[in-house]
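Both chains are sitting in their own frames, so use the hints and assemble them into the complex.
Residue numbers (my numbering), protein chains in the order written: chain C, 1 to 440; chain H, 1 to 304.
Take the hints with a grain of salt, since some may be wrong.
DSS-like mimics (lysine-lysine), calculated; alpha carbons at most 27 Å apart, straight line [said to hold, decoys possible]:
1. C:K226 / H:K270
2. H:K184 / C:K54
3. C:K329 / H:K230
4. C:K25 / H:K184
5. H:K270 / H:K259
6. C:K226 / H:K135
7. H:K184 / C:K329
8. H:K234 / C:K300
9. C:K44 / H:K59
10. H:K52 / C:K44
11. C:K226 / H:K235
12. C:K54 / H:K234
13. C:K300 / H:K235
14. H:K10 / C:K44
15. C:K44 / H:K205
16. H:K230 / C:K300
17. H:K184 / C:K226
18. H:K199 / C:K266
19. H:K205 / C:K226
20. H:K10 / C:K54
21. H:K184 / H:K52
22. H:K234 / C:K226
23. H:K135 / C:K264
24. H:K205 / H:K270
25. H:K199 / C:K54
26. C:K300 / H:K135
27. C:K300 / H:K202
28. C:K329 / H:K234
Far from chain H by the CB rule (all over 12 Å, computed), these chain C residues [unchecked claim]:
29. F36
30. L227
31. N317
32. D410
By construction, these hints were calculated from the structure, which means they are not laboratory data.
Yeah, the Cβ is synthetic: ideal placement off N, Cα and C, and Gly gets one too.
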Amino acid sequence: MSIKEKLPESHLEENLALFADLLRKEGLPIGTAEMFDALNALSKIDLLRRDQFKSALQATLVKTHRDQALFSRLFDNFFVSPEIQRKNAEDSARHREHLERRVDLANSELRFKGESLQLSLDELKQYSSLSHDQRSRLQDFMQKTETGKNVEPRFRPLLESVVKSHLRYCKTQKNKQRGQTNHGSVIGAGAGPGSVEESLRETDIEAIRAADMPEAEQLLQDLSRKLAVQILRRRRSGPRSGPLDLRRSMRDNMRFGGIIFNLKHKPKRRSKQQILLLCDVSASMKQYSTFVIHFLYGLKEVVRNLSCFSFSDTVENLTPDFKGRTDLKRLLDRVIRCSKNWGGGTNLGLALSEMAEKYPDLINAKTTVIVVSDTKTISIDQAVKELRKLKDRVRRIIFLNPLPVEQWPDYRSVSAVGEHVEMWPCSTIAQLEEVLAGRL
Amino acid sequence: MTITLPELRKSFEQVGYICDESTVLTVFLALELQKPLMIEGAPGVGKTEMGKVLSEILKADLIRLQCYEGLDETKALYEWNYQRQLLRIQINRNLEEEQIREEDLFSGDYLLERPLLKAIQAEETAVLLIDEVDKCDPEFEAFLFEVLSDFQVSIPELGTIAARNIPVVVLTSNNERELSDGLKRRCLYLYLDFPEVEKEVKIIKARVPGIADSLAWETARVVANLRRQKDLRKKPSIAETLDWARALVSLNCKRLDGKLVANTLNLILKTRADQQYFNREIGTEGINRILKQSGNGGEICKCQ
Chain C
1 MSIKEKLPES HLEENLALFA DLLRKEGLPI GTAEMFDALN ALSKIDLLRR DQFKSALQAT
61 LVKTHRDQAL FSRLFDNFFV SPEIQRKNAE DSARHREHLE RRVDLANSEL RFKGESLQLS
121 LDELKQYSSL SHDQRSRLQD FMQKTETGKN VEPRFRPLLE SVVKSHLRYC KTQKNKQRGQ
181 TNHGSVIGAG AGPGSVEESL RETDIEAIRA ADMPEAEQLL QDLSRKLAVQ ILRRRRSGPR
241 SGPLDLRRSM RDNMRFGGII FNLKHKPKRR SKQQILLLCD VSASMKQYST FVIHFLYGLK
301 EVVRNLSCFS FSDTVENLTP DFKGRTDLKR LLDRVIRCSK NWGGGTNLGL ALSEMAEKYP
361 DLINAKTTVI VVSDTKTISI DQAVKELRKL KDRVRRIIFL NPLPVEQWPD YRSVSAVGEH
421 VEMWPCSTIA QLEEVLAGRL
Chain H
1 MTITLPELRK SFEQVGYICD ESTVLTVFLA LELQKPLMIE GAPGVGKTEM GKVLSEILKA
61 DLIRLQCYEG LDETKALYEW NYQRQLLRIQ INRNLEEEQI REEDLFSGDY LLERPLLKAI
121 QAEETAVLLI DEVDKCDPEF EAFLFEVLSD FQVSIPELGT IAARNIPVVV LTSNNERELS
181 DGLKRRCLYL YLDFPEVEKE VKIIKARVPG IADSLAWETA RVVANLRRQK DLRKKPSIAE
241 TLDWARALVS LNCKRLDGKL VANTLNLILK TRADQQYFNR EIGTEGINRI LKQSGNGGEI
301 CKCQ
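Isolated chain H (complex conformation) (with noise of 0.2 Å):
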């Protein structure tokens, strides 16, 4: 599975995630160097997207395996299938037939397979997408080190297991906690950022089809404008952004103004803390204010 770095750039844009040069060449870099990629950034920034976006591109399952606390490697990597193997020592007993023996049991009839191993034992390459890394525990990103560094894994009962096509690894993390060093160093790093501006824009147009290019813009810069009160708990993220420029296109509007803001809020600020500190600090005449200064004032949408 080769690709260039045109072709990489090319795909981004025929899928439709927009982002800058830089990120092009890590996610070039993390495929060339079959280095997993490390993704940190605000959540809703498009890191699981990334993903997505990979295996899409280069045509690969997506396998993922979704952290959270308590994760360990029954539930990641295998699992025997305990119960199986009882009823099978249960069965032979009551037939009386010849001894069951131990290899027989831990076999590969008895494995339960988990993400991390499905990623390793698959035909063709996969897209091994490892959600929230910063939700496990430390022990478990220990535990990770063997699969990022060797792509390989022990299973005492029958040995090493060597991947037969080295995945694609993609770890996002939304910075919650420190990560520890080892597994740092076994990947390559990528920050991702809110966009600018121009940026978002882009975005907007690329995934929310039919939307005028008046009122992506004006989408965009209120957003923008959020994301830049310090007090807000939670600041708007692209996603966000995106389930709001699709409910105003669905509600047929072609501008922006301050009611409209207002009336749609719980689309882009979800806590009530945030919803009252712009009713309190920006208010309709606020983003009125914001429209105006970015030179889009004139026309009020009528659509509500």
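The shape of chain C in the complex, shown without the other chains (with noise of 0.2 Å):
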């Protein structure tokens, strides 16, 4: 019996091409294909039994196990029952008019010279949830420069771009704290915390507490272990990887006359890749740095030609202790006390042009190099000069930018650098997975 017949009053296919939506929105990857297969299931089960209908579900949409959390929350927030849709429902239009009259009361606390600031609506919500003191503050500020000496109507825009700019700040820092910054918000807020694992993959590394340190330490190493698995696999080669080899399989079935009973294969050729890996250990760059190398640490049996520097205005090699039979605890407490580079200021240009002239026997066309930085560096056309000049040499440039990607288009730097190397986002521990595991 069909779905259709079965229930034929119902919008259950509706509801479930939304909570589908839904879940693509989250990043579970479901196609027409799971759909259908979704939907077959349903005609099979008791539909009024809750479980079976998300046990049905479950099995035909969610493909990994990291997701099946996940799943469980939405599908919680999203099959409820019509007494609490219809109180959602009434919780939500009370929470819209509620934000449409804070945003009234933005506008009209954000005036200079008796016009108001030209923000966005998101803008403006972000400034009525900021706390009393934080609008306090940016009011008293606004203020004094309207009523400071000689200030002309034409300086709004000025103060908008503060102002602006003050706003993302905020709303960075937030997000941190929430642990969440590139988490949407569709799982609503009555959704509980999912499991640990998965709420660290997702959380902003710098965030990340030192009470879930030694979580996310065994996450890395889980996951850098996965990774060198999927190399080492890589790397072998099965026994007729190759192309035929006649000489060998002539010479081998001369016993049988010339008839060529067994052939023999060739070995596969396998390229060296070499790795290059360039991490800015600046003030703001710390805590996604020691990420990366505890992460790249795990692939050093498997990674062999793997090189390791920290930069900020001078590039220092790690290599050898990268190398050696140093722990990772020992090495990074190394890395951290002995480095001149921890935690100075970053000039990427100049500690490019030290490593090309120190290490050119790691530049070459075989060699592919991670760099991993904010972008924030003194004399950024150096930078982009000396990352032209070392584009044309290697293999590939990975820049790996912690910065939000929303927050790239506000920075001239990353729109500067991108233009000579592959860019990709690393604020989380599952976007260094997913960026590494494809690239190594």
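Okay, structure coming up:
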């Protein structure tokens, strides 16, 4: 019996499509095939049994263990009883009304010389979500600016720019505190926390609390081990991976009078990739770089030609520690304590130029350069010039940028550097895994 | 081959495969929708066993394809018996009979059937177990698409061979590497996790006849505790719990204590580093504490 025959009056298909859309927005790859499977599965179960309904959708729509916790949360929030639905709709209407009032208030408070500042709806919402103290400080600043000497109405764009930057900064800080910089709000207010691992994967690396560090390190170790298996497997060749070796085949089959009974194959040729890791260890980048070093440390056995350097305005070679039997904790401790670069300011151009001068043998056509930096550097023009030179000499440059993607357009350095490298966001462990798994 | 959900649930119980309702339902849907079932989970949680159990429940032949690095279609699907073809040509030449035709050489007589082709050509529905699919190469994974979505294979010399009876396909993976979206899309997905203590007790009782109630509970509690240790490299699996329980039964044990656990540690912790960790961080006292906390610290076994 098809699902329509079973429930002719229902909106099940529509609801399922909406639910699938919600899952897609959260990153689950739900295609038409999965939707067909889900509908077919629903026709085989007792639809009035919630546990069966949930299990059937989970079996057909979710294809990794990682996504199961997310699915469960979304399901519990989406498929609710009519009473809860009504209550949620009322709450939502109340929330909208409240928000509109706050936006109106924000518009009236953010004025300069009698005119409202030109801010987007998002920015006004951001302002209204600030604490009373934060709003008072901003108003105070605007008041002082407005009443200052020789302040004219044409200064308004400048003030708008300052207010916008401040709001952006507050938003980033808030997101980091929540540990969900790149996580949408689709889950809803009532959603409970997911698995610790899942939450850590999606948390901004800089926002991971000290108490969560052991879990985060364990997660990095697991991911790194998994990637190592993957790399190792790619390198081993199957018994027949190479082309036919005619010479050896003929020689081996001379005993059969020249009839080729046993075929011989050549071993598969593999180019030896060289990886050069450059970690920005300036103040804003410390935590991110530590995580990347941690992640790549687990790969040292399988990525043989791996060189690791830290940089701020000079470069420092970490490769001997990386390649030796140094324990990871000791290595990080040594890097942090003894490094001249740790916590300094960044000059990418100077560091790259020193790299090219001191270690020319590491820069060749087989080298993949991985740079971990937020592009905030002194003398961006010099950095771009050096990157252009480096690009011509190496196989590829992968640039891991921990700045949230939505902030990239705000930084000239990001677009300038981005022209010469493959730039990827890496503010979370999940992003780090995704970028490195596909490219090593 | 049709089976209802209650029948399937009952059959699982009868063969001693203890699982939750969600697992039974997922297996039922895979059977009903004739879709391959992809099972992921840590080693030893019962993934391969599912294939065996299904073959027992459905009274179908079990055809197993063990995946490994370098596995290709000649080992998994079919291979022409090249040497036999050459011999036939040689014999024909010497006999100076009429010329041999190409169709004669590429017929069923010269085809070596491998597990996938065997499953597709089986007279009755078979259970095809593709074990540890994450160990095969991505190229081979792509090759499985045709078999798993259309249940047919293409042999250039013979054409397309469609399944006589659609096999029940179970794929298992230890999640050592991410499988392709294409493969996952063609399967229903089931994740098997380590069981809760209560469930593990049921498994132990079902699989280890003659085990004392108290020993089953204590064994499950100790194992559950070991699995919670983050620094253990290899957590004990259900299979290892069962081996351990069987060993304890053969030693006539009725209760567990720290000393007994330490003496039989080799059965549950399989690496030197893990055993050292146990001795350093838990030890016999730790085990006694765990057992005492669970309310079973009374009698000590004298069976060693």
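Against the structure, the hints:
1. Of the pairs offered as hints, the one joining K226 (chain C) and K270 (chain H) holds, with about 20 Å between alpha carbons and a cut-off of 27 Å not exceeded.
2. Only pairs whose Cα atoms come within 27 Å are accepted, and K184 (chain H) paired with K54 (chain C) is accepted, the gap being roughly 19 Å.
3. Under the criterion of a C-alpha separation no larger than 27 Å, the hint pairing K329 (chain C) with K230 (chain H) is consistent with the structure, at around 17 Å.
4. Between K25 (chain C) and K184 (chain H) the CA atoms are separated by roughly 19 Å; this keeps the pair inside 27 Å, and the hint holds.
5. Taking the CA atoms of K270 (chain H) and K259 (chain H), the gap is near 18 Å; set against the 27 Å cutoff, the hint holds.
6. Simply put, K226 (chain C) and K135 (chain H) have alpha-carbon atoms about 12 Å apart, close enough for the 27 Å limit, and the pair holds.
7. A distance of roughly 38 Å separates the Cα atoms of K184 (chain H) and K329 (chain C); the hinted pair therefore is violated under the 27 Å criterion.
8. Using a Cα cut-off of 27 Å, the hinted pair K234 (chain H) and K300 (chain C) holds, with the two alpha carbons roughly 21 Å apart.
9. Of the pairs offered as hints, the one joining K44 (chain C) and K59 (chain H) holds, with about 23 Å between alpha carbons and a cut-off of 27 Å not exceeded.
10. About 24 Å separates the Cα atoms of K52 (chain H) and K44 (chain C), which keeps this hinted pair within 27 Å; it holds.
11. With a CA separation close to 17 Å, the supplied pair K226 (chain C) and K235 (chain H) stays within the 27 Å bound.
12. A threshold of 27 Å between alpha carbons decides the hint, and for K54 (chain C) with K234 (chain H) the separation of about 32 Å lies outside it, so the pair is violated.
13. Proximity of K300 (chain C) to K235 (chain H) is assessed by CA-CA distance (about 25 Å); at most 27 Å being required, the pair is judged to hold.
14. A hinted pair counts as satisfied when its Cα atoms are at most 27 Å apart, and K10 (chain H) with K44 (chain C) qualifies at roughly 18 Å.
15. The suggested pairing of K44 (chain C) with K205 (chain H) is violated, with an alpha-carbon distance near 33 Å, which exceeds 27 Å.
16. Annotation: proposed proximity of K230 (chain H) to K300 (chain C) holds, straight-line Cα distance about 23 Å (limit 27 Å).
17. The straight-line distance between the Cα atoms of K184 (chain H) and K226 (chain C) is roughly 19 Å, inside the 27 Å bound, and the hint therefore holds.
18. The suggested pairing of K199 (chain H) with K266 (chain C) is violated, with an alpha-carbon distance near 52 Å, which exceeds 27 Å.
19. Restraint check: the Cα-Cα separation between K205 (chain H) and K226 (chain C) comes to about 35 Å, which exceeds 27 Å; the hinted pair is violated.
20. For the hint linking K10 (chain H) to K54 (chain C), the alpha-carbon distance of about 22 Å falls within 27 Å, and the restraint holds.
21. For the suggested pair K184 (chain H) and K52 (chain H), the alpha carbons sit about 22 Å apart, so the restraint of at most 27 Å is met.
22. For the proposed pair K234 (chain H) and K226 (chain C), the alpha carbon gap of about 14 Å is at most 27 Å, so the pair holds.
23. The hinted pair formed by K135 (chain H) and K264 (chain C) meets the criterion: a straight-line CA distance of about 25 Å does not exceed 27 Å.
24. Our distance criterion of 27 Å between C-alpha atoms is met by K205 (chain H) and K270 (chain H), whose separation comes to about 24 Å.
25. Distance check on the hinted pair: K199 (chain H) and K54 (chain C) sit about 21 Å apart at the alpha-carbon level, within 27 Å; holds.
26. For the hint linking K300 (chain C) to K135 (chain H), the alpha-carbon distance of about 22 Å falls within 27 Å, and the restraint holds.
27. Annotation: proposed proximity of K300 (chain C) to K202 (chain H) is violated, straight-line Cα distance about 44 Å (limit 27 Å).
28. Taking the CA atoms of K329 (chain C) and K234 (chain H), the gap is about 22 Å. The hint holds against a cut of 27 Å.
29. Non-interface call for F36 (chain C) relative to chain H: violated, since the shortest CB-CB distance, roughly 10 Å, does not exceed 12 Å.
30. The beta carbon of L227 (chain C) sits about 9 Å from the closest Cβ of chain H, which is not more than 12 Å, so the claim that it is off the interface is violated.
31. No Cβ of chain H comes within 12 Å of the Cβ of N317 (chain C); the nearest lies about 31 Å off, and the non-interface call holds.
32. The Cβ of D410 (chain C) lies farther than 12 Å from every Cβ of chain H, with a closest approach of about 34 Å, so its non-interface assignment holds.
Violated hints, in rising order: 7, 12, 15, 18, 19, 27, 29 and 30; the structure is consistent with all others.
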